[in-house]
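Protein sequences, first through last, are from chains A and B.
The numbering used here applies: residue 1 is where the first sequence begins, and numbers increase by one.
The numbering used here applies: residue 1 is where the second sequence begins, and numbers increase by one.
No wet-lab data here; the hints were simulated from the structure.
Some hints here could point you the wrong way.
Remember, identical chains collapse to one label, so a pair may be satisfied in a single copy or spanning two.
[Unchecked claim] No farther apart than 27 angstroms at their CA atoms in a straight line, the calculated lysine-lysine pairs in the DSSO-like style are these: (1) 390 <-> 174; (2) 174 <-> 222; (3) 260 <-> 174; (4) 169 <-> 292; (5) 292 <-> 238; (6) 399 <-> 282; (7) 390 <-> 178; (8) 174 <-> 354.
Number of protein chains: 2
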Amino acid sequence: MKPAAVSSVAFRQETDSRPLPPGWKSYTSPEGLRYYVNSCSKETTWRRPSLLTESPQRPLAQQNSSPYANGCHSITKTSRPTEATDVALRKPTMMTQPPGSVSPARRQIKEVKETKITINCVTFPLPGEGPEQQLLKPNEWSYCDYFWNDKKDPQGTTSVAGFEVLLQKQLKGKQMQKEMAEFIHERIKIEEEYAKNLSKLSLNPLAAQEEGTLGEAWTQLKKSLHDEAEVHLKFSNKLHTEVEKPLLTFRCENFKKDLKKYDHHIADLRKQLASRYTSVEKARKALADRQKDLEVKTQQLEIKLSNKTEEDIKKARRKSTQAGDDLMRCVDLYNQTQCKWFEEMVTTSMELEKLEVERIEWIQQHLRQYTTLRHETDMFNQSMVEPVDKLLQNVDPAKDRELWVRENNTGDVRPVDMDI
Amino acid sequence: MKPAAVSSVAFRQETDSRPLPPGWKSYTSPEGLRYYVNSCSKETTWRRPSLLTESPQRPLAQQNSSPYANGCHSITKTSRPTEATDVALRKPTMMTQPPGSVSPARRQIKEVKETKITINCVTFPLPGEGPEQQLLKPNEWSYCDYFWNDKKDPQGTTSVAGFEVLLQKQLKGKQMQKEMAEFIHERIKIEEEYAKNLSKLSLNPLAAQEEGTLGEAWTQLKKSLHDEAEVHLKFSNKLHTEVEKPLLTFRCENFKKDLKKYDHHIADLRKQLASRYTSVEKARKALADRQKDLEVKTQQLEIKLSNKTEEDIKKARRKSTQAGDDLMRCVDLYNQTQCKWFEEMVTTSMELEKLEVERIEWIQQHLRQYTTLRHETDMFNQSMVEPVDKLLQNVDPAKDRELWVRENNTGDVRPVDMDI
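Use the sequences and the hints to build the structure in full.
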């Protein structure tokens, strides 16, 4: 979808005052575009949903067009207390397995492994597993779609967050812009030097005593060098104010500060995500232990080793249920954080994308100004030669002879014979 | 009369095969124009005389159109022996004066003074005296018409020949031409320096890592500096071969030698003129003495102081006649030399005039070449910017994002909720 097209559509939609269908909320993307999220179906779309469009018989399409499938699912779940028993209800099915089989905890982990993988504390669907994902902004190569993984650095030892790659691009862009300004500055210096030499030469007295119409043409030719110098000086001045400065000062002060802010914000969320992942692992271990304990006690009951086991089993089952609830809470918290990080990733990478577009357009605009000024310079230079051409056309040897003879003649009376 | 008109007339006349009227000879001016001199009437004209045009009833007009009134009169005289007696015949009229009156010699000098004046050994008609002179080349301000007198130098101590003034103009012109070449050379050095700096900057690695369409535009912009440099280098090379060199080498080798030749030739004639003027003065003095002696002897005869005076008077009259002949010869020789000098002055000054016209046209032509090259340079420079403009128009942030994301993305699989 082309941004231009989107914004025009978006504009049309801004003016749409009808209420959204139940379950829909509207958000504004960093690009200032409105998009819509359904908190129940998790459907996300650029198109304003109407009561007609939200037909329930399109579950796959709904999943596909969601930026974060199931992303905020658990969060909404937590608002429903009945959940706790849901998990408890599943336990009997776990217990119908033959003794000595894989522990439910381990089986549970295995289940996770089957469809999802967690890399650097971020959880991804395994290839081919889970609902197919569509790009958030198809055909746009948007930053928000392509930097979800971390990136192994060349040595493969440490890995860099995808977001860091985006930040590096920004810093490099800033550097390029700065270097272009430097380059223009060098050009300015060359023009100033050239202008200085031309106007110096134009004041040189060489052949200043040439006379008549030729003398006038020559004087104009020398003067034209001064005019040329002026043109090049003007060029260098405009280069400074209209190209170098804009390139140098564009987002100078706050830019890097803002990038740091983004950087820290995203990094903090990743840290939080890591710690919450650790809690999940702990809780998972605890649940596994509790379930093992319950199993043992259940076997003891069967072989009637103790008479007070009834009590123990009730207790163990309570603790196991408790551990199940703990794990569920931890996973919820983990998913909440991952969801928050996801949202920040989308928002911030779209912001960076916008910044890069601005940078490129800014540079394009001012390099165009450079070529315009170069063009002007050549035009002006040409006009500086014209008066010289005129005077050269007027050069007239006969006229010059008359002027010189009038001034320097010694007498036009011719000698005559001497008389005797 | 405009040279163009003259030459066209002259051309028509070249084709005229009819014989000239008696007494007329045709000469070719240094400008290659034919002119005509009547050796008897001394009439000079650009128009080919026909038997009809030479009507004797226009003596003044004839005198007026002569370049050197009476110039070669005495030369032709010398070809007629009867002349000698002419002078002798005048003597009796001189002698019919009362005794004690001014001596004929002094009277003769007085006569000369009345109509003519000799300055630095050159004889001119006194203002208002003698036939009115017309310019040799009216309306042309030709050198051959305006440098007959010598010129007092600022201090008024020594005086410079009019011809020297013409030579100084030539030397100054040569100097101006040389200085223009120097000026162009300085411009060449400035262009080379400018080109050197531009191509050096174009190789500068600044912002070389800019990517995508923007990177392409930037690379082209840097390349364009190298192209500009090439244009300015080409300009400086052409300035050297097509402007500086021609200005520098124009009449380099023989020019000053030729001027010296002219200078010596004219100066020698002036020296000769001076020595012949001295002889004239001597002869005039001698004649005066002889006439005095004859007077004395004549008086002695009247008062009969001696008896052998008859013989003495005869002798004295012979000697006086002899002295008269001597003076006449000296004056002839003087006039011959002055006539030769006159002719050389006309020929050479017209040659110098031609040289100056050539110099001015040569310089005009090559300064025009300068403006042509300047114009070309600006044209080429403009074309160097065009490819940059094209690539700047193609700059596309979306395209650049795609290229970069394709290469640097870390993965487009979005995270999903962890399961319990």
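Hint check:
1. 390 <-> 174: Between. Shortest inter-copy distance 24 angstroms satisfies the 27 angstroms Cα cut-off; intra-copy 51 angstroms does not.
2. 174 <-> 222: between (45 angstroms within a copy, 19 angstroms between copies)
3. 260 <-> 174: Answer is within; shortest intra-copy Cα gap is 14 angstroms, inter-copy 74 angstroms.
4. 169 <-> 292: Close neither inside one copy (51 angstroms) nor across copies (124 angstroms); limit 27 angstroms.
5. 292 <-> 238: This pair counts as neither: shortest intra-copy Cα distance 80 angstroms, inter-copy 97 angstroms.
6. 399 <-> 282: neither (109 angstroms within a copy, 47 angstroms between copies)
7. 390 <-> 178: between (46 angstroms within a copy, 23 angstroms between copies)
8. 174 <-> 354: Cα proximity of residue 174 and residue 354: one copy only (14 angstroms, versus 69 angstroms across).
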